[in-house]
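Enquirer: Here are the chains, one letter per residue:
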Amino acid sequence: MVMSLNILRCGARISGRSINLLQNCGRYLPKLSENAFRLVSTSACRSTNVRRFTDKHEWISIDGNVGTVGISHYAQDSLGDVVYAQLPDVGTVVEQKGECGALESVKAASELYCPVSGKVVEKNASVEQTPGLINNSCYEKGWLFKVELTRPEELTGLMSEEEYEKFLKSDDH
Amino acid sequence: MAQAMAQNMFRISQVSLNNVVRCNAYAFAPATSQAKAYSSASTTDKEKSKNPIQKSVFISQSTDIFTNLALEDWMYRNFNFNNHHVLLMWRNSPCVVIGRHQNPWVETNTTNVAHQGMEIARRNSGGGTVYHDRGNLNLTFFTKREEYNRRNNLEIVSRALFREWGIESVITPREDIVVKNTYKQISGTAAKLGRPNAYHHCTLLVDVNKVALRQSLHKDDKGIVTNATQSVASPIMNLCEINQHVKVERMLGAVGWEYLRTCPETLEDGGQDLINKQRGFQLINPTDNWFPGLNKLKEELSSWDWRFGKTPKFQVNKSFRVPKEFLGEGEMGVQELKVSLEVNKGIIDDVTLKLPPGLLSTNGFHGEVDVVTSLRGQPFSERAVVSLENALHDMSTKEGNLQGKSQFVMNCMRQVMQSV
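Taken in sequence, the protein lines are chains D and E.
Each residue of the first sequence is one higher than the last, beginning at 1 in UniProt numbering.
Each residue of the second sequence is one higher than the last, beginning at 1 in UniProt numbering.
Rather than coming from a laboratory, the hints here were simulated on the basis of the structure.
Please note that the accuracy of each hint is not assured.
[What the hints assert, rightly or not] Calculated cross-link-like contacts (lysine-lysine; reagent style DSSO-like; alpha-carbon spacing at most 30 angstroms):
(1) E:K310 - D:K97
(2) E:K313 - D:K146
(3) E:K313 - D:K97
(4) D:K123 - E:K345
(5) E:K345 - E:K222
[Claimed, not checked] Going by beta-carbon spacing under 7 angstroms, a handful of chain D positions derived as facing chain E:
(6) Y84
(7) E104
(8) A108
Predicted model, so just to flag it, every value in this text is computed and none were measured.
In this text, a Cβ means the ideal position worked out from N, Cα and C, and glycines have one as well.
Could you put together the complete structure from these sequences and hints?
Expert: And the structure:
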């Protein structure tokens with residue numbers, strides 16, 4: 001259903017009669033509820049630029065006022081196998097760029113720095129139990145902790161995924 | 001070469017207090033602006049050629065593990081390593097040092113170690129448990145995060161051993177130093193990476209008391225279930241066993257000079273020319289005067305909360321066979337008392353006693369509740385056993401015929417606590 005809607009949208013643009021065509025198609029396609037239509041458009045927005053990155057190779061993704069924090073693929077790769085994750089306790093007040101935990105790999109104990117200021121509201125117990133999740137799934141199951149933001153404006157200072165990729169390619173990382 | 005080195009060592013030992021004071025005042029002003037600048041941008045090539053990296057060797061005058069760990073931490077947090085790398089060399093009185101995320105009760109017998117008058121310390125870097133005494137030389141290589149290179153540091157140590165005594169050594173894939181053809185370890189390594197600074201430290205077994213080492217690192221199966229990092233036991237040997245002329249005092253010079261003569265980026269041997277461009281050796285007196293904030297770091301590192309309380313949560317499970325005389329009449333077979341303790345942040349969170357049916361007399365054994373409440377909230381230590389003893393003693397005086405049984409339960413609890 002979604003596919004056909006997209007095709008129609010493309011077709012409409014080509015023909016130059018976008019909105020009218022979509023509205024008219026309601027007669028021929030199974031009736032699309034308003035919600036379904038909204039779902040299509042909002043998910044299109046959500047799929048791009050979800051994560052913001054720091055120059056210390058952490059990422060944060062926002063949902064309302066709560067950010068989920070993890071480390072990037074580059075970071076988990078350079079750490080090596082993580083054998084222990086020391087995450088901040090729930091209720092800890094954190095400062096942007098402040099030390100908030102550590103990840104121990106076979107190579108070293110590396111400090112974790114918080115990308116934003118706020119209060120920790122959840123930590124990933126699965127990662128504490130199975131630190132290898134950070135290596136296998138650093139953006140999904142290997143999330144580290146969630147923080148309630150006190151200064152959302154700090155997010156504007158962080159890099160987008162594109163900017164972060166560029167940063168990795170430069171000499172300065 | 002050896003003579004020149006001996007002369008240099010003599011000069012080092014004669015450094016006057018004035019010189020040390022002057023050097024200290026220059027070197028140890030905390031670089032607060034540096035500490036706050038989290039930029040990960042490395043220096044450009046142009047800057048590097050303008051300001052080549054210079055090296056210093058610092059030798060700590062303290063043999064207290066907590067002072068030395070505090071000094072190491074102070075330097076990691078406050079020192080400015082822009083174009084300046086430092087090798088810190090330090091030795092300690094006998095002690096056991098566990099890694100940051102380890103469980104001291106798993107890694108060593110805490111009661112025995114305490115009885116021998118040794119401290120247990122927890123360091124900030126990862127890795128396993130080690131034994132220190134004055135026959136062991138600790139080396140900490142400080143650099144900026146971008147310039148951290150563990151293998152290079154170990155290469156320098158390996159070269160020093162060869163240049164001074166002709167000892168051939170190999171750096172394993174795990175990045176430990178082993179003696180060639182024996183594959184026995186003479187060094188253990190750990191590291192801490194932060195921003196802007198990082199350090200790699202390692203031990204060097206020159207003339208360590210191997211009996212004491214084996215005794216303090218002896219591990220039994222203590223029924224502890226935990227996700228704390230575990231040590232990897234390796235066969236070790238002292239360098240003095242390979243060559244009787246290897247002594248810690250000479251090692252200071254051997255490694256120090258090799259460090260100064262080696263180019264930090266390329267590992268090339270720059271010889272005396274490069275040495276002359278470095279900042280040389282300094283004797284360090286780690287006091288709060290020269291290192292503001294050092295005492296606070298030392299207090300934190302020697303606190304129970306850091307050394308034991310920082311232990312990741314764990315469970316202790318033990319079973320004890322109940323002697324026949326405590327079982328009720330008509331009870332047959334082997335019955336077991338199962339003890340399970342949950343310890344979080346070094347404090348006993350929960351106690352579960354599984355009493356076999358035979359241990360319940362016709363009057364009932366009500367000690368379970370008292371045992372549990374007396375232990376909950378206690379630090380996991382001998383103190384907890386004492387409070388347990390008191391609880392069971394009170395109980396047994398009330399109900400005389402339970403004395404034998406409560407004694408048995410208490411002995412089991414004591415065994416659980418003391419075996420770790």
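Enquirer: It remains to establish, for every hint, whether it holds in the given structure.
Expert: Each hint, compared with the structure:
{"no.": "1", "hint": "E:K310 - D:K97", "in the structure": "holds (23 angstroms)"}
{"no.": "2", "hint": "E:K313 - D:K146", "in the structure": "holds (21 angstroms)"}
{"no.": "3", "hint": "E:K313 - D:K97", "in the structure": "holds (27 angstroms)"}
{"no.": "4", "hint": "D:K123 - E:K345", "in the structure": "holds (17 angstroms)"}
{"no.": "5", "hint": "E:K345 - E:K222", "in the structure": "holds (18 angstroms)"}
{"no.": "6", "hint": "Y84", "in the structure": "holds (4 angstroms)"}
{"no.": "7", "hint": "E104", "in the structure": "holds (4 angstroms)"}
{"no.": "8", "hint": "A108", "in the structure": "holds (4 angstroms)"}
Going through the hint list in order, the structure satisfies each hint without exception.
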